[in-house]
Amino acid sequence: MPLIQMTDSLLRVRDLVVQFRLPEGDVTAVDNVSFDVAPGEVLGIVGESGSGKSQILFSLMGLLAGNGRVSGAAHFAGQDLLAMPPRALDQVRGVAMSMIFQDPMTSLSPYKRVGDQLAEGLIVHKGLSRREAGREAGRMLDRVRIPDAARRARSYPHEFSGGMRQRVMIAMALLVKPQLLLADEPTTALDVTIQAQIIDILAELAREMGTAIIFVTHDLGVVARLCDRVIVLYGGRIMEEGPAAPLFAAPAHPYAKGLLHATPRIAAPLSPRLETIAGTPRAGGAMLPGCPFASRCDQRIDICQTAQPPLKVIAPGRLSACHLTGNAA
Amino acid sequence: MLRFLTTRAGDGILTLAALVTLTFFVMRLAPGGPFSSNRKISPDILANIEATYHLDEPLLQQFLRYVWGVVRFDFGPSIRFRDYSVADILISGLPYSLTIGLWAVLVATVTGVTLGILGALKRNSIIDYSAGVIAVIGIAVPIFVLAPLMQVYFALTLRWLPVGGWGDSWRNLVLPIVALSLPNIAYISRLTRAAMIETLRENYIRTAMAKGIGGRRVVWNHALTGAVLPVVAYLGPATAAIITGSIVIETIFALPGIGRHFVDAALNRDYPLVMGITILYGGFLIVFNTLADILRGWLDPRVRNE
Amino acid sequence: MSDTSLAPIPQSTLSLQMGRFRQNRLAMASIVVLTAIILACFIGPFFFPFTGEDADFDAINLGVDFTSIHLFGTDNFGRDLLVRTLEGGRVSLTIGFLGAVVAAIIGVLYGAISGFIGGRIDRIMMRLVEVLYGFPYVILVILLSLLFGGGNLALFAAIVFTLWLTPAVIVRGQAQSLARREFVEAARAGGMTDGQIIVTHIVPNTLSTVIVYSSLLVPEVILSESFLSFLGIGIKEPQASWGNLIQSGTAAMSTDIRLLLLPAGMLATVLFCLNFIADGLRDAFDPNDR
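Chains as they are written, first to last, in my numbering: chain A, 1 to 329; chain B, 1 to 306; chain C, 1 to 290.
Hints are computed from structural coordinates only; laboratory data are not their basis.
Source: prediction; values computed, not measured.
It is possible that part of the hints are untrue.
[What the hints assert, rightly or not] Restricting the straight-line Cα-Cα distance to at most 35 Å, the calculated cross-link-like pairs of lysine-lysine (DSBU-like) are: (1) A:Lys112 <-> A:Lys126; (2) A:Lys257 <-> B:Lys122; (3) B:Lys122 <-> A:Lys112.
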């Protein structure tokens, strides 16, 4: 049972488990994750690569790889996304819920005009004619600030730069005016200078449309700037969750602390070397006893190796999963 | 597009020129001549005949004479089939060879692509396995084994179809076309299957799925292009394979096409006929290669920009 | 999936690939069958008191009889069919393996040089390959085998000459990307000549691809050989080859299909095995391919 209950949540994820069957055995990528997203809210999910954050989004969209299995529930607008057959899911994804992917270079079909790729969703879901859909697509490209949008809609993806392609992806995702947008590290593959522009466009349009966003990233700067609430994920489990500002000001969980320390800050005095968290994430998935972070944690006590710390309320709206923190509840 | 076509035409002429030159000299340098075998001809008559075909001239002069002829679409007389020009022989054989060849290309492409796609979409299904079996047979059993076996079974044992020859009925065409297309069905279905599986793993397919447009539309509108492109690239080699195949198939099924003449002409040193067939086959190959390139450019905008 | 990282298992690539290959039952079975056929072809004929070219006019057109010395009977000259087929196998297999090796060597060197040196030489070399690709392959083989005066060696040369193109193109692509790698830069900085770099760095690094493709060349060479022999251009009577045995089998098939089935079955079995082995190698070396 999640400790923060929302009365009006748009998305309600409960006990989400994602596992992959590999020749070496089953691997758990997401381990019992529960959270809510309110309408219009921007939720950040942060964690290092391999923490399972992208798989949460894929499982919601029904896009897990063939060897992936999912359990739990994800109620979106009254329906359980995880229990829906693909055909029913097609009435939700690309309609009320859409997704932006990590790699804009490969996420668009190289064989089709950008405008046609955008228009397709409108034609299928809203029954627009090719021409109407094309006009809408052009307008949307204009809104993501692609210069000369009407003409560029007739271009192919290889004629766009990476940043421009990600704008196209954003336009495609928002064209259907979704209630929920899933963004999977949308800026990771881009130049630093372009990242900020993309984030701004995304944030601005989502606000105008009232779209909620789940923003998956390992870039804490982006999260701080964009998100209302943050989930810190490690080894497929939620380590800490809470409103962005207080969490960044005073992280409770040792892992969250380490993560924040590892982010270089311009304002901070120059330290001789970049801070890092010692060690590497443990392999073999998360279905092992104890805290997944235990082996790298500098505050480790005996119980950390044997018992999994439960998520506990440590302050109003704030949760942490650590044996050392928050017996406030 | 026009520039593409002119460069391709230039390339084609270059290839053809190289082919003609190579064939001409290889042919002439090979031991033996058109009249060296069996019958004893008196030296006078031999000299006379050789003069008729200009075989007594220096090689280079003969070559230039031949090239000058080709430029004017004069391929000379056949040495073996007296009273016939090479052009006559080619024109009379062409309809048969073309019918068989084009049908084989069509059957191979349609069947191969269909089997490959179905196999890739329903992996490890019955269709996938039967396509795999057909592919293995088509690749491992040469057509000169397959064709006689088909003759024995379908013509001699079951008596469903004629053993060979060219009749008025479509039934004469079934066995040759099936035999000729089978290796290509095998190759194309494997090519398509692998390409389809690879394409379905592409990120843009995931994007299309995320649009909720339905699996069927994703396959037909988005994945198909990627799966078919390697097949288009194979069109050139497929044509070459069909040409190769038609040489045996026309012999085995006693069809009055061009392929049947080639081996005979080569063994009997019928120089003009060998040259004529070579030019014709080379031309076909160039045309189909160009066609494949145009098709590829039409399907893949990245190729177009090169 | 970038999000499911697993600790890599430290193991050499080659042993991993060979391990994967060994798990491929079809490929392993093919190796067993192929080895048996090779042994039968090269040793088998010694167990018979006659060769495949010995005609016995008292025993013409005998049928299959496993109790007699002529297990699979004789042909219309009274020559033993089994022994002829085995002897034909010797020729086909020798040409097949040797041809593939020679074609691969030529292709690798040509491709490595072309891709590594690059620039104008590369353009000219690849242009030549393109022109040769534009040739109708059979015509080239037939003409070349005529040029070399017929016989086994001519046939061999003609086939090899037409089959080195594909390995050359593949190796060239690899050599091109290898030429830009750091260790090649380092070798160059260390004073190695182009020739030395090609031999010590480029060629060894293309090896796994080359192995996969040469394994595909073997059945191709065998097929070409039997194709030409079938047409009467390759290996000629009285010497036996699978191609000319199949040809004479076809001539007699309406009355006695046995003469067609034995050599054809043998050829098909060998081609099956070689293709399965090649597939297995490809899967083992490049698991992402399918």
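Hint check results:
The hinted pair formed by lysine 112 (chain A) and lysine 126 (chain A) meets the criterion: a straight-line CA distance of about 20 Å does not exceed 35 Å. Between the alpha carbons of lysine 257 (chain A) and lysine 122 (chain B) the distance comes to roughly 49 Å, so the proposed pair goes past 35 Å and is violated. With a CA separation close to 26 Å, the supplied pair lysine 122 (chain B) and lysine 112 (chain A) stays within the 35 Å bound.
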